[in-house]
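Mind docking chain B on chain A? Use the hints.
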Amino acid sequence: MQEWANQLCENRQFGSKMTDSKYFTTTKKGEIFELKAELNSDKKEKKKEAVKKVIASMTVGKDVSALFPDVVNCMQTDNLELKKLVYLYLMNYAKSQPDMAIMAVNTFVKDCEDLNPLIRALAVRTMGCIRVDKITEYLCEPLRKCLKDEDPYVRKTAAVCVAKLHDINAQLVEDQGFLDTLKDLISDSNPMVVANAVAALSEIAESHPNSNLLDLNPQTINKLLTALNECTEWGQIFILDCLANYTPRDDRESQSICERVTPRLSHANSAVVLSAVKVLMKFMEMLPKDLDYYGTLLKKLAPPLVTLLSAEPELQYVALRNINLIVQRRPEILKHEMKVFFVKYNDPIYVKLEKLDIMIRLASQANIAQVLAELKEYATEVDVDFVRKAVRAIGRCAIKVEQSAERCVSTLLDLIQTKVNYVVQEAIVVIKDIFRKYPNKYESVIATLCEHLESLDEPEARAAMIWIVGEYAERIDNADELLESFLEGFHDESTQVQLQLLTAIVKLFLKKPTETQELVQQVLSLATQDSDNPDLRDRGYIYWRLLSTDPVAAKEVVLAEKPLISEETDLIEPTLLEELICHIGTLASVYHKPPSAFVEGSRGVQHKRLAGSAGSGESVESPDTGSAAGVSEAPPAVIPSQGDLLGDLLNLDLTPPTATGPPPAAAPGMQLGAMDLLGGGLDSLMGDESEPLGGDIGGSPAMGAGFGAPPAAMPASFNAPVSGGLDDLFDLGGGVGMTMGSYTPPKTVWLPAMKAKGLEISGVFVRRSGVIQMEMTLSNKAMSVMSDFAIQFNRNSFGLAPAGPLQILTPLSPNQTIEAALPLSTVGPVMKMEPLNNLQVAVKNNIDVFYFSCQYPISMLFLEDGKMERQVFLATWKDIPNENESQFQIKDCHLNSDAASNKLQGSNIFTIAKRTVEGQDMLYQSMKLTNGIWVLAELRVQAGNPNYTISLKCRAPEVSQCVFQNYEAVLKN
Amino acid sequence: MIHSLFLINQAGDIFLEKHWKSVISRSVCDYFFEAKEKAVEPDNVPPVLQTPHHYLISIYRDKLFFLSVIQTEVPPLFVIEFLHRVADTIQDYFGECSESLIKDNVVTVYELLEEMLDNGFPLATESNVLKEMIRPPTILRSVVNTLTGGSNVGDKLPTGQLSSIPWRRAGVKYTNNEAYFDVIEAIDAIVDKSGTTVFAEIQGVIEACVRLTGMPDLTMTFMNPSLLDDVSFHPCVRFKRWESERALSFIPPDGNFTLMNYHVSSQNLVAIPVYVKQNISFFETGPCGRMDITIGPKQTMGKTVEAMMVTIHMPKAVLSANLTATQGNYTYDLANKVLVWDIGKLNPQKLPNLRGSLSLQSGAPKPEDNPSLNIDLKIQQVAISGLKVSRLDMHGEKYKPFKGVKYLTKAGNFQVRT
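Here the protein sequences line up with chains A and B, keeping their order. At position 563 of the first sequence (counting the first as 1) the number is 563 in this note's numbering, and the numbers step up by one without a gap. At position 274 of the second sequence (counting the first as 1) the number is 274 in this note's numbering, and the numbers step up by one without a gap.
Excised from the complex, chain A in its bound form:
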């Protein structure tokens, strides 16, 4: 009792309560020492108190690892609480003290034999959490026993333990046959065991996409459905998510699964509900639409979705993101439920914004009046982001529901009258969109808009207004004055506004040539001579040349009729939507991106598709998709939302509809040049996974460097020989374009000295007798000595990693250059990169760490034993579904088929057979990647025709593009 009294006195600040907060008081010096003494005390109670103090320190992040041996000594005890506490400690610190942790093994093994199932389960569970290799070896036998334990509580704990072990040492789990035991547990008599086995298998399967661990067949499905009714809510989530991966054989099976899953819609746990919705949404695809049951099912889906919206805001958010997908796929489910999406003022902002989005998706002629009244209400709220979005929403309604357009426009005009600055600006941006949807209908409001010209200070609003003035220049008397007023501060404007202003003035000139000649000259010279922005200069030159050579064509191009915009612009692309529907309830559904785009854990990419719809074969001709303004910023092709529309407009003006106007002949060449500049190693945007191959032409600073070279001294008159200068420019583009795809050029600069404080690295990838090497030249262009070099790779698509340290032993003195060869292995961590063969590298020296990214030719990964047996080839070719086939053209290749075959063999692309049909040689070829992926190819060579056709088939169609590039590179060199 004396001790207690002391302690109580010591803890006066916490009052006299006997609470755990007393454990926090020992923050003084010598704390560890005191604890050590207490841990070694003879009194049980004191020991326990001491362990509690240790745990308390641990939970708040203090380091108490020094007490490891003392705490482990307390493990041998009959007191379950003490035992559990020691286990908690062990799990946290064993990793840092592996040798000490071994001391605990005996107790674990003994506990696994205990009579009390709780102790057996606890032991096996804790052992799995100790992430020390040596311990896992001892774990195997006890685990094997526990997986077959008579007590289901122990079995279900053991099932999870397999997943833990797999995380630590996957190979061990496979070698020991635990995966098969786990699969057997799916047929266990106890539903909880089944659920845990499913959960464990799902987690393991995530890191083994092709392992076929969850081999679903009608029998297992039946077992899962039975367990579904009896297991816990969490187990139901795992089972439902697993069911969603199954493809029913026919509509009858589909229906019967749906029938057995529907009761889950009434579960109190929203995650269960959403997982059930996923299964139903997916399997519904297989049901014939005229089936009565189909209609019943549709009706059953609405109420649970609505109910999710009365849950906590965090749950609402996830639900709303998913509902957003569901209403795009099946608008009929929620079409009568508009009102539940009305925004309440105390909703968190993230809920408000999502609700707004769905309101627009559900807007129809029937409910538009209600929706508009709501939106107008929102536009007077306090939160600026929300108000902006509400105003945009009004515009989207106008575009979506034609009958409401007039009412929307008048609502927007009302809002403009409020004179609230950001409301006015948003309103003008959306009115521009309305003009594009309904040309020649609402132009009467232009006068009102012009009144507010001065108050616009945001680039987007300014650009929108300028577009309107340019587009309707003929109806605005003082259009030239208005535009001129913008021109004064031309260089202070953002690029968006500058580009728009350029286009608008050219439009104005084409419409009223007599009085605006001076203005157009002024803007062209501002854009071409005084600007550092390559986009702006390019566009300026193109207009200039157009205007000077063929004004009629210019008119056709610049004033071409624009395609109408539609509400589809903000819908998710259908194939992506289909994939996302299969991922309802997952992170993918929250981000509206396919899992492959961002989930690190899913190493292999498994695209899920809704049943019944065939995947579209990818046909990639030439990468000319990126156009000048750089809208394609992310590969998951969400069609640009309203916000990007303006970017779209800009593009349209520049690259006019090919049907109407003759495109400037040199433009494609320029684009290729630009692409190569990016692809050639200047791509320095490290860490940005969404960086496309080279689509992002605008906005990359590298461009400036590339095009900055030609002195753009242009005579400021139309009649002067402008074309000469322009040709130069285009020649430059063409010239750079030529180098594209040249086969393993000597060495490319990966890291320019400018970006790395004087360290320049250039290099090349080679494969020599089966070893991949990265051969680098490092130059020191700085004034001081460099030393302590080291290199690291980011995770990449094929697990490339340095096989050893970077061997640069001597310091690199100024102006010295050194060669280094780094052998690479392919067993590093894997993450899908975009493009696939992108490699992000970090190089360290005594000065700093530098990052660059480079692309390796995929042939580095082709194995020497990539020659397939003929029979196997035939069978495999047939076996790979046709969706996985991609076709490419290789142009201007003057080799005959044998020479081509020889050349390709040098890169480990093996010709298996050759067939000649009607003068056309067909080569059948195979290659094998280091990660075991086979690629099959059919190369067609027509004598006398320099264009080859190549078809690639592979189970992982993502690699096709890279392989094709490699073919092109090899053949053209």
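Rather than coming from a laboratory, the hints here were simulated on the basis of the structure. Among the hints, erroneous ones may be present.
Unchecked claim - Derived DSS-like pairs: lysine-lysine, alpha-carbon spacing no greater than 25 Å straight-line: (1) A:Lys183 x B:Lys21; (2) B:Lys378 x B:Lys403; (3) A:Lys757 x A:Lys781; (4) B:Lys378 x A:Lys344; (5) B:Lys277 x A:Lys344; (6) B:Lys388 x B:Lys403; (7) A:Lys914 x A:Lys891; (8) A:Lys376 x B:Lys303; (9) A:Lys344 x B:Lys298; (10) B:Lys193 x A:Lys344; (11) B:Lys298 x A:Lys339; (12) A:Lys145 x B:Lys21; (13) B:Lys410 x A:Lys339; (14) B:Lys316 x B:Lys63; (15) B:Lys303 x B:Lys378; (16) A:Lys757 x A:Lys844; (17) B:Lys193 x A:Lys339; (18) B:Lys345 x B:Lys378; (19) A:Lys344 x B:Lys63; (20) B:Lys303 x B:Lys350.
Said to hold, decoys possible - With the Cβ distance kept under 10 Å, some of the chain B side facing chain A (calculated, not the full set): (21) Ile59; (22) Met133; (23) Val340; (24) Tyr399.
To be verified - Label pairs and their in silico Cβ distance ranges: (25) A:Arg407 x B:Gln361: 34 to 44 Å; (26) B:Pro365 x A:Arg407: 53 to 63 Å; (27) B:Ala335 x A:Asp530: 48 to 58 Å; (28) B:Ser359 x A:Leu577: 49 to 59 Å; (29) A:Thr418 x B:Ser320: 20 to 30 Å; (30) B:Asp333 x A:Asp477: 53 to 63 Å; (31) B:Pro365 x A:Asp477: 55 to 65 Å.
Quick caveat, the model's predicted, so the values are computed rather than measured. Beta carbons are placed, not taken as given, at the ideal position from N, Cα and C, and that holds for glycine.
Structure of chain B alone, referenced to chain A:
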């Protein structure tokens, strides 16, 4: 699966961390703090955040953030549901979910978290199962344990863990057997300026308090079950019986639990119990405005409306309010710009009124946004949807239990726009 959990207070201090797999450095929370900074209000922190290597899923409850770290694809709803369950459990154990209470009981909380998840998979989340394994602290027990060296941790396998009815423990005994049910309905509504109902629905819940010996099997039937649009049940309810007979048949958990949630949606007509006549205006000239609010009964099903309260979030520029209330008191919280008018019972003969002037910060522009009114109210002994329990029967046990059903209607999210 769920990798780690951090408990963070409003000030942004991490006061507890728990890792179910390898240890993740708490620096991962920096991404969260960044988002928190950006969101200004703690309510507005987005619940799902992406960082280069992890996902952060968080909830904000009782002024605390429960932040979980995950590394692989996990259903976010599962994580959020689980986090709420953690908060529920803490509340259940210690009476309140607050930083000081968690700190006072940190070891128990830690033990609980360990029982609730294994390797990120939920293990035991049912309150009665947990309580059998880790006993909730009471002053008496901690004294007794201190003297006897006893422990808070049960050493037997919880009986509910593996039976087909995990929510009920075996061997329950009471001298007084009783089963009480509360039918509570909350009205969510938006009423616009003119008094038209823009949107209204009812969120209903049946809370149960069942203390019955043995393994009772209960059946509850309703007079008008067709009212219920969407229902979600406690796992104990047999769904088939509901589908076929619209009756709730279940073996109840022991103690307090939520039997079912239901939803009467906007498709049905929802009775709005009160009307509000209001006029709030700010003058173009001079820094002041006027306010006049009257409240009267509308569809109250013949019952008295009690605990009436009106909350108004005033525009930032409003400095003070000089008002007279014919009934109840009002307070104006200058810091948060919240005006609260506590009315109490609504007397249909003498309608409560609040009127007077508002003074604005001088020089501030006329507020653009009009404040919304939030209404609180209670009506005893009636479920506004008209739902009524008709019978409650018990099988499986021989004794006669006390039974009772109470009804209560209250305002949920009831807004009047101005």
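Taking the hints in turn, this is what the structure says about them:
1. Of the supplied pair hints, the one linking Lys183 of chain A and Lys21 of chain B holds, its CA atoms being roughly 23 Å apart against a limit of 25 Å.
2. Proposed proximity of Lys378 of chain B and Lys403 of chain B is supported: the alpha carbons are some 24 Å apart, at most 25 Å.
3. With a CA separation close to 8 Å, the supplied pair Lys757 of chain A and Lys781 of chain A stays within the 25 Å bound.
4. This hinted pair checks out: Lys378 of chain B and Lys344 of chain A have alpha carbons roughly 21 Å apart, not beyond 25 Å.
5. Between Lys277 of chain B and Lys344 of chain A the CA atoms are separated by roughly 20 Å; this keeps the pair inside 25 Å, and the hint holds.
6. With a CA separation close to 15 Å, the supplied pair Lys388 of chain B and Lys403 of chain B stays within the 25 Å bound.
7. Restraint check for Lys914 of chain A and Lys891 of chain A: the C-alpha separation of about 21 Å stays at or below 25 Å, so the hint holds.
8. Of the supplied pair hints, the one linking Lys376 of chain A and Lys303 of chain B is violated, its CA atoms being roughly 37 Å apart against a limit of 25 Å.
9. Distance check on the hinted pair: Lys344 of chain A and Lys298 of chain B sit about 23 Å apart at the alpha-carbon level, within 25 Å; holds.
10. Distance hint between Lys193 of chain B and Lys344 of chain A is fulfilled; the C-alpha atoms sit about 15 Å from each other, no more than 25 Å.
11. Between Lys298 of chain B and Lys339 of chain A the CA atoms are separated by roughly 22 Å; this keeps the pair inside 25 Å, and the hint holds.
12. A C-alpha spacing of about 23 Å is found between Lys145 of chain A and Lys21 of chain B, which places the hinted pair at or below 25 Å, so the restraint holds.
13. Between Lys410 of chain B and Lys339 of chain A the alpha-carbon distance is near 21 Å, which keeps this suggested pair within the 25 Å criterion.
14. With a CA separation close to 23 Å, the supplied pair Lys316 of chain B and Lys63 of chain B stays within the 25 Å bound.
15. Taking the CA atoms of Lys303 of chain B and Lys378 of chain B, the gap is near 10 Å; set against the 25 Å cutoff, the hint holds.
16. Restraint check for Lys757 of chain A and Lys844 of chain A: the C-alpha separation of about 12 Å stays at or below 25 Å, so the hint holds.
17. As the CA atoms of Lys193 of chain B and Lys339 of chain A are separated by approximately 17 Å, the hinted pair is consistent with the 25 Å bound.
18. With a CA separation close to 9 Å, the supplied pair Lys345 of chain B and Lys378 of chain B stays within the 25 Å bound.
19. A threshold of 25 Å between alpha carbons decides the hint, and for Lys344 of chain A with Lys63 of chain B the separation of about 21 Å falls inside it, so the pair holds.
20. Only pairs whose Cα atoms come within 25 Å are accepted, and Lys303 of chain B paired with Lys350 of chain B is accepted, the gap being roughly 16 Å.
21. With a least beta-carbon distance of about 5 Å to chain A, the hint placing Ile59 of chain B at the interface is held under the 10 Å criterion.
22. Nearest Cβ of chain A to the Cβ of Met133 of chain B: about 8 Å, under the 10 Å cut. The hint holds.
23. The closest approach between the C-beta of Val340 of chain B and any C-beta of chain A is roughly 15 Å, which is over the 10 Å cut-off, so the hint fails.
24. Residue-level restraint check for Tyr399 of chain B is violated (minimum Cβ-Cβ distance to chain A is 29 Å; threshold 10 Å).
25. The beta-carbon spacing between Arg407 of chain A and Gln361 of chain B, approximately 37 Å, falls within the hinted interval of 34 to 44 Å.
26. With their beta carbons about 29 Å apart, Pro365 of chain B and Arg407 of chain A fall outside the hinted range of 53 to 63 Å.
27. As the Cβ distance of Ala335 of chain B to Asp530 of chain A is approximately 53 Å, the hint placing it in 48 to 58 Å holds.
28. Roughly 54 Å separates the CB atoms of Ser359 of chain B and Leu577 of chain A, a value that falls within the hinted 49 to 59 Å.
29. Here the CB-CB span from Thr418 of chain A to Ser320 of chain B is close to 27 Å, well matched to the stated 20 to 30 Å.
30. For Asp333 of chain B paired with Asp477 of chain A, a C-beta distance near 55 Å keeps the hint of 53 to 63 Å intact.
31. Taking 55 to 65 Å as the suggested C-beta distance range, the pair Pro365 of chain B and Asp477 of chain A does not conform, at roughly 34 Å.
Hint check: violations occur at hints 8, 23, 24, 26 and 31; the rest are consistent with the structure.
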